[in-house]
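Engineer: Below are the chains, spelled out letter by letter.
Number of protein chains: 2
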Amino acid sequence: MEGFKSFLFFLISSLLLGFALVIFVLVWVLHYSDGLAWDGGNAEFNWHPVLIITGFVFIEGIAIIVYRLPWTWKCSKLLMKFIHAGLHLTAAILVIVAMVAVFDFHNAKHIPNMYSLHSWVGLVVVILFMLQLVVSIVVFLIPITPVSVRAALMPVHVYGGLLLYGGVIGSALMGITEKLIFSLKTPPYSNLPPQAIFVNTLGILIVVFGGLILWIVTRPGWKRPPEPTVKEQSPYRETSGSPPPEYSKTDKSDVELNSEAARKRNLNLDEAGQRSTM
Amino acid sequence: MEGFKSFLFFLISSLLLGFALVIFVLVWVLHYSDGLAWDGGNAEFNWHPVLIITGFVFIEGIAIIVYRLPWTWKCSKLLMKFIHAGLHLTAAILVIVAMVAVFDFHNAKHIPNMYSLHSWVGLVVVILFMLQLVVSIVVFLIPITPVSVRAALMPVHVYGGLLLYGGVIGSALMGITEKLIFSLKTPPYSNLPPQAIFVNTLGILIVVFGGLILWIVTRPGWKRPPEPTVKEQSPYRETSGSPPPEYSKTDKSDVELNSEAARKRNLNLDEAGQRSTM
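If you read the protein sequences in the order shown, they are chains A and B. Quick note on numbering: the first sequence equals residues 1 to 278 in the UniProt record's numbering. Quick note on numbering: the second sequence equals residues 1 to 278 in the UniProt record's numbering.
Hints are computed from structural coordinates only; laboratory data are not their basis. Be careful, since some hints might not be right.
Since the list gives no way to pick out one identical chain from another, each pair is judged satisfied if it fits inside one copy or across any two copies.
[Said to hold, decoys possible] Calculated pairs, DSS-like style, for lysine-lysine (alpha carbon to alpha carbon, straight line, at most 25 Å):
| no. | residue 1 | residue 2 |
| --- | --- | --- |
| 1 | Lys223 | Lys185 |
| 2 | Lys223 | Lys5 |
| 3 | Lys5 | Lys74 |
| 4 | Lys109 | Lys5 |
| 5 | Lys223 | Lys74 |
| 6 | Lys109 | Lys185 |
| 7 | Lys109 | Lys179 |
| 8 | Lys185 | Lys5 |
| 9 | Lys74 | Lys185 |
| 10 | Lys109 | Lys223 |
| 11 | Lys223 | Lys179 |
Using the sequences provided together with the hints, build the complete structure.
Structural biologist: Have a look at this one:
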């Protein structure tokens, strides 16, 4: 890998910062707010920022850069796709619980739902994220999808993923803004009490974390290298019924044998696969 | 240009949407709020969203995609750099006035400055934007900067520009959230009065506009083509003291004649220049 030390610096920084975000949001709700519970009160609302920051900011950020980890380049592409999808799915589950928490809290407290810009942007982001997840599983994981469809949709997948991640961060910043205005009364937000300074700092750190993820995912030298084409692969693949150990290291879904057309399709698919890593 | 019709669709959509943003913010402050004035009151504050959305969202968005316009590909790179920098500079001036308006309004009304996450993220974005503007003028416009420095800084310039643009949009969304919470009292924001629906829609349109700009600037087929190298250029360049009309169509700052080393440096510089268009 080109610039491995620099990659390592950015990766470790983003991991440390990601964990810091989770610790910050826990300190916010456990120390400055009413803790965590499922009681229709503030403590139930508090699951919302905890799960959004853990799932939609931290885990989702790692899902975006997971193809870039050079230690995974020996793993099959299919395995990496499952890990990528699995992280997104984990984020999706946490986000659904986070949404239930806030709607349940609003209903219990007779606070109207879906009036703020935070809720509008947030809901659009969640719906599009779920749509992206389902479409991507159908298109990129289920091997029946034609290569041409995969290749055509890959740029949209990558662009959509990054745009949605920006939307997540924007929504989180609006959510923090709202919550501090509504919850800080004596002293108010404008007096900048310790909770305000602490949670504003969390907001700044979320932006820095997003910036690190964007840097890592847009460096061309840190891309996962192209998959080997059929011609470059071990002859065992074409001759042996029982594959050698190396066989399991490649993405079987990307490999079709015994035809030149299939080889060309594989090349396209590899390109599509590469674009998935930006 | 590859996919010209698609480019045209996205360009026209983003221009129409950009104008719509300006009209929306004007309707907000002129119809729903207290208009525009410089009187220390709400009408002075109103310059803040008007100038931020006009300068930092719309003009800045156009500045980001200006190298992509195929009609400009016959213009010299230097001219395009001046237009790119000029649009950024225009945005910077509007943003400074927008900042003065809000500080002046706060001071007149004895509202504390710089307590909200909106103000923290916003100020960081403005400071880094000004820094990026000054450094970029020194590095990419003043021809004394070594090519190696330009080439090394170009990826940071592109990344920084897009990250800051994301920061602008995030700050704008927080600003809208704050303003609607503070200004809507009877009926409150949570009752979703017409102003809330209208300004929430403005917030959604800002996100869509940012998404269009990101799509246009990240399509590889819509990049400005590489500058011709010295060897490919007209022989007039090396023989004639008075250049023919075509001479003015190339970026003189990128051209050094009479040495192979200079030619290689020009190649690097062209690459650096290309990266400036993503």
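Engineer: All hints are to be evaluated individually against the structure, with a verdict given for each.
Structural biologist: These are the hints, each one checked on the structure:
In this assembly of identical chains, the alpha carbons of Lys223 and Lys185 never lie at most 25 Å apart, being 48 Å within a copy and 51 Å across copies at closest. In the homo-oligomer, the alpha carbons of Lys223 and Lys5 lie at most 25 Å apart inside one protomer (15 Å), although the nearest pairing across protomers, at 31 Å, exceeds that limit. Taking the shortest alpha-carbon separations for Lys5 and Lys74, only the intra-copy value of 19 Å comes in at or below 25 Å, while the best inter-copy value is 41 Å. Taking the closest pair of Cα atoms, Lys109 and Lys5 never come within 25 Å of each other, the shortest separation being 51 Å inside a single copy and 52 Å across copies.
Taking identical chains as interchangeable, the C-alpha atoms of Lys223 and Lys74 lie at most 25 Å apart only when both belong to the same chain, with a minimum of 13 Å there against 33 Å between chains. Taking CA atoms no more than 25 Å apart as the test, Lys109 paired with Lys185 passes in both settings, with 18 Å inside one copy and 19 Å between copies. Within a single copy, Lys109 and Lys179 get their C-alpha atoms as close as 15 Å, and across copies as close as 24 Å, so both meet the 25 Å cut-off. In this homomeric assembly, Lys185 and Lys5 never come within 25 Å of each other (Cα to Cα): the closest approach is 47 Å inside a single copy and 54 Å across copies.
Proximity of Lys74 and Lys185 under a CA criterion of 25 Å is satisfied in neither setting, with 55 Å inside one chain copy and 60 Å between copies. Proximity of Lys109 to Lys223 under the C-alpha cut-off of 25 Å is found in neither arrangement, the shortest distances being 48 Å within a copy and 53 Å between copies. Taking the shortest Cα distances, Lys223 and Lys179 never come within 25 Å of each other, neither inside one copy (39 Å) nor across copies (42 Å).
Checked against the numbered hints given earlier, this structure breaks hints 1, 4, 8, 9, 10 and 11; the rest are met.
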